[in-house]
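Just so we're aligned: the first sequence equals residues 617 to 1547 in my numbering.
Misleading hints may appear alongside valid ones.
Unchecked claim - Derived Cβ-Cβ restraints for the label pairs, each shown as a range:
no. : residue 1 : residue 2 : range
1   : 1138      : 1486      : 57 to 65 Å
2   : 1247      : 1225      : 31 to 39 Å
3   : 928       : 716       : 23 to 31 Å
4   : 719       : 1354      : 13 to 21 Å
5   : 954       : 1139      : 20 to 28 Å
6   : 759       : 706       : 54 to 62 Å
7   : 1317      : 1505      : 52 to 60 Å
Said to hold, decoys possible - BS3-like, lysine-lysine: derived pairs with alpha carbons at most 30 Å apart:
no. : residue 1 : residue 2
8   : 1123      : 1142
9   : 1123      : 1147
10  : 1180      : 1168
11  : 809       : 1145
12  : 1217      : 1147
13  : 1147      : 1184
14  : 1142      : 809
15  : 1515      : 1489
16  : 809       : 714
17  : 1390      : 1490
18  : 1515      : 1483
19  : 1390      : 1489
20  : 1184      : 1217
21  : 1409      : 1308
22  : 1409      : 1390
23  : 1409      : 1232
24  : 1147      : 1168
25  : 714       : 1145
26  : 948       : 975
27  : 1142      : 1217
28  : 619       : 1232
29  : 1123      : 1145
30  : 619       : 1409
31  : 1180      : 1217
32  : 731       : 1168
Worth flagging that the hints you see were computed from the coordinates, not collected in a lab. Quick reminder that beta carbons are idealized off the backbone N, C-alpha and C, glycines included.
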Amino acid sequence: MDKTYNPHELEQRWYSRWEQSGCFMPSGQGEPYCILLPPPNVTGTLHMGHAFQHTLMDALIRYQRMRGRDTLWQVGVDHAGIATEMVVTRQIEAEGGKRDDYARADFIDRVWQWKHESGSTITRQMRRLGASADWSRERFTMDPDLSEAVIETFVRLHEEGLIYRGPRLVNWDPVLQTAISDLEVVNSDEQGKIWSIRYPRSDGRGDVVVATTRPETLLGDVCVAVHPDDARYRDLVGQSLELPLTGRQIPVIADDYVDPEFGTGCVKITPGHDFNDWEVGARHGFAPINIFTPTATINDRAPARYRGLDRFEARERVIADLKTEGLLIEEKPHAMVVPRGDRSGQIVEPYLTNQWFVKMDQLGQLGLEMVESGQVEFVPGNWINTYRHWMENLQDWCISRQLWWGHRIPAWYDDDNNIYVGRSEDEVRVRHQLGDDIVLRQDADVLETWFSSALWAHSTLGWPDPERMAAEGFDRYLPTSVLITGFDIIFFWVARMIMMTGHFTGKVPFEQVYITGLIRDSHGQKMSKSKGNVLDPIDLIDGIELDQLVDKRTSSMMQPHLAKRIAKATREEYPDGIPAFGADALRFTFTALAGHGRDIKFDLARCAGYRNFLNKLWNAARFTLMNVGDATLPVPAEGELDTLSRWILSRLDRTITEVDEALSDYRFDLATRALYEFVWNEFCDWYLELSKPALQEQAAARDPATARATRHTLARVLETTLRLLHPFVPFITEEIWQRVRVPAGVEADSISQTRWPQAAAPDPQAESDAEWLKAVVSAIRSARTELNLAPGKPMPLLIEEGSPADLARLERFGDLIRSLARLAHIEPADDRHDPATCATALAGELRMLIPLAGLVDVTEELARLDKQLEREKKGLESVARKLGNERFVANAPADVVEKERVRRGEHENAIADLTERIERLRHVDASHTPS
RNA sequence: GGGCGAUUAGCUCAGUUGGUUAGAGCGCUGUCUUGACAUGGCAGAGGUCACUAGUUCAAAUCUAGUAUCGCCCA
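Please take these sequences and the hints and turn them into a complete structure.
Structure (structure tokens):
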């Protein structure tokens, strides 16, 4: 083995071997354990959030696979309607073509071509990360069988009256020219303006003033509303106003919606271009007036001088005209919330179109019940509040999109615009007895991507085809075990899956939903291209040069003027680029940071720390392998194990229990921490060091049983630890395991096929011996360094005082103490030793002296002992305070009181020892001080 | 405005049903190249647990309020 751990080379080696061996496929044996991958966008590349969540999923899958569960990790990607069209359109434009050159069918061909050539970037990247998914079952939402599920769902929902088509206000992206869902709208706080406009009364008796942030929409106003209780305007209700610039007369109505405190208490109502106004208009029987074309230019419903103007030009023109007519009263800055499309970044228009909707009352009720009843559980549990709030305020779901790429809506129209819904045109014709003479045209729109993702749980398991369902294990794997995802798609996807799978199968899609935090940069900022703080997980695995990183962060930006600042910040933060940490270190970092309910500030220093940890593991393995040889080691007989081997095995068993408990609560952070501490602080720092004396040639000759037991324990602990670590760091554990499996006597081809370790009962006797030994060694080491005693030079140790138990342990472990504390020999103290030439070390009741060659610096030793004394006094004080409190003694549980009593004894003892020692030194000090 | 969360060492975070002198990693200080590892060893410094009040024999932990920050919804 190399002296240092080199992730790059070894990680390349293992993945394809695993995949080829088929060990990621469900075994079909044991209790099923299934995880659905939230299908990433086919145009996407792996970002930190994916890498994080995939790591958690993979850790769980590998863990459960090793525990004998029948694991299925269902992976795949979704077809991402808008995003994919944008990518392919850009590709066409880069070739000098135009999207308009393409007919629908040809464009879709291009999309498929693109999909086959470059649509699997993210799945390749998932393999780099070590994702142990069953790739043979990978699905794409546009696959024929998944498409069949989509059509079937649409048709059935329509038959049940849960899907309807109708004119409604939707969020319209005038650039992409499609409807988008509420969830795809980002509300951004922006500085805008608000205008006060005078609407004259038709009877010439004054006017009313309305305030608006969108003056151009007055062209579509149908009325002005006031609050029914507003005394100021009581006589105005029912009167008519002259709508400026249009020559139209509009009435004043009364409606509760109006807030009399806001502005003048008069509100213009534009049902065609505002969601709230739509409601008001509907209540009062007004037909909405749509003044925009699909690209948000003014249409023919408006006066001629505005037609054809873009919405922003129209605003300028309207304001100018109002000024001219003396109807503009005021213009002032106004903080407002602007709705923007999350894909295009453009301001979204509430826009009146015919769209398809899914009714949400019945489905929403079902979705709520499935969670309220506990069939689906959120982890952490408080996410149920978010879910509940949304489910109780559901709007009907707009599922149609004015795109080409996606599942085409299975609805046909005849020349009279009668709608026929069915699985195919043929089915429609048969069912409705439509002869060949009747021309049918299919609806041009497609379903939004989330409609197909909502079916992910049951459609990937073969639904609705009974044969496929049997083959895929529908009954076996549904409900799946746990869904791991971010809070941001609870509504987009989680809720919709619960509703759809629940409605069509009567089952929940998953039993638990683990909601992860968000990965932020080391300063707590959200990662985004425009901030230039994005980290690419692949760069953390492979490393990246500074210049390349700067290029990556500043190329193809939406706002190129930020490039300079981003380049500068990047050069400051990563002066040497990013080193290669390897996939394992990245995975370990993610799991170590994965606490509950918290966002994660991703710090490269943590990643480096865990890379170092893996290097430590690597070297512990090197040491072990150097000492255990190539052959299978004989298993020591019962009773042949030395105390320290029993100790490390006991600690190992406790670690197994800790990891099991942590993982059952999804506390990945606690699981990895237990492993980190065990490997570094117990196995490496102590057991390895303690094994060295036993393995020395002379010692081994003298005590071959202990040497044998030690060798076997080294191999056994290392092998078991590798299995415990494997779900988190699959590559390095496989690499090392292949070398240690023979000495450890384990039969399997790959660590991923081994079984998860079972914890045995701990060994308290061995643990207490080892703790004593560690305390003694640490006390001696502290004394030596604090007094600047030559660290390398062997020194004698004198035992001044100790309990019979101490003396017995000294007898048993003397050789080890000598070795670890670098002592020449250990012997009882006697009168020959002048305390002035000794340093003191305390471990429990054991009082030890380290005689020094020359004069000890008495002042320094006094200071050191004083410090210890202070510490002990403080401890005693707090204990005494408690025990002095009658109510504490009376009320606290007996074991707590007893514990305090024991502690009091220990403190008193230490204080007595230290005080005596200090007294003697002071005495010496005085006699040594030249007068 | 409503809801959720956070505030613990210089930084990033643990801290379970209240019960040692509140822990870890990184960073920092000192020291050591000893045959696993300098991506390291050994030793050490560093905290008024945001603030206030309350409950309790006992509060980082429970309750109420305050402050600051973040997210979601309107």
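Regarding the pair residue 1147 and residue 1168, is the alpha-carbon distance no greater than 30 Å? holds (13 Å)
Does residue 1217 sit within 30 Å of residue 1180, going by the straight-line distance between their CA atoms? holds (25 Å)
Confirm or reject the claim that residue 928 and residue 716 have a C-beta distance inside 23 to 31 Å. Since the Cβ atoms of residue 928 and residue 716 sit about 25 Å apart, the hinted range of 23 to 31 Å holds.
Supplied distance hint 20 to 28 Å, evaluated on CB atoms of residue 954 and residue 1139: holds (27 Å)
Taken at face value, is the distance from the CA of residue 1184 to the CA of residue 1147 at most 30 Å? holds (12 Å)
Going straight from one Cα to the other, do residue 619 and residue 1409 come out at no more than 30 Å? holds (28 Å)
Within 30 Å, alpha carbon to alpha carbon, are residue 1123 and residue 1145? violated (40 Å)
With the threshold set at 30 Å, check whether the alpha-carbon distance from residue 731 to residue 1168 stays at or below it. Judged against 30 Å, a Cα distance of about 23 Å means the pair holds.
Does residue 1147 lie within 30 Å of residue 1123 when you go C-alpha to C-alpha? Violated: residue 1123 and residue 1147 sit about 43 Å apart, past 30 Å.
Between residue 1142 and residue 809, does the CA-CA distance stay at or below 30 Å? holds (29 Å)
Below or equal to 30 Å on CA atoms is what counts here, so check residue 1142 against residue 1217. holds (9 Å)
Would the hint linking residue 1180 and residue 1168 be met if the CA-CA limit is 30 Å? OK: residue 1180 and residue 1168 at ~13 Å, within 30 Å.
This entry does not satisfy hints 1, 4, 6, 8, 9, 16, 26, 29, going by the numbered hints stated previously.
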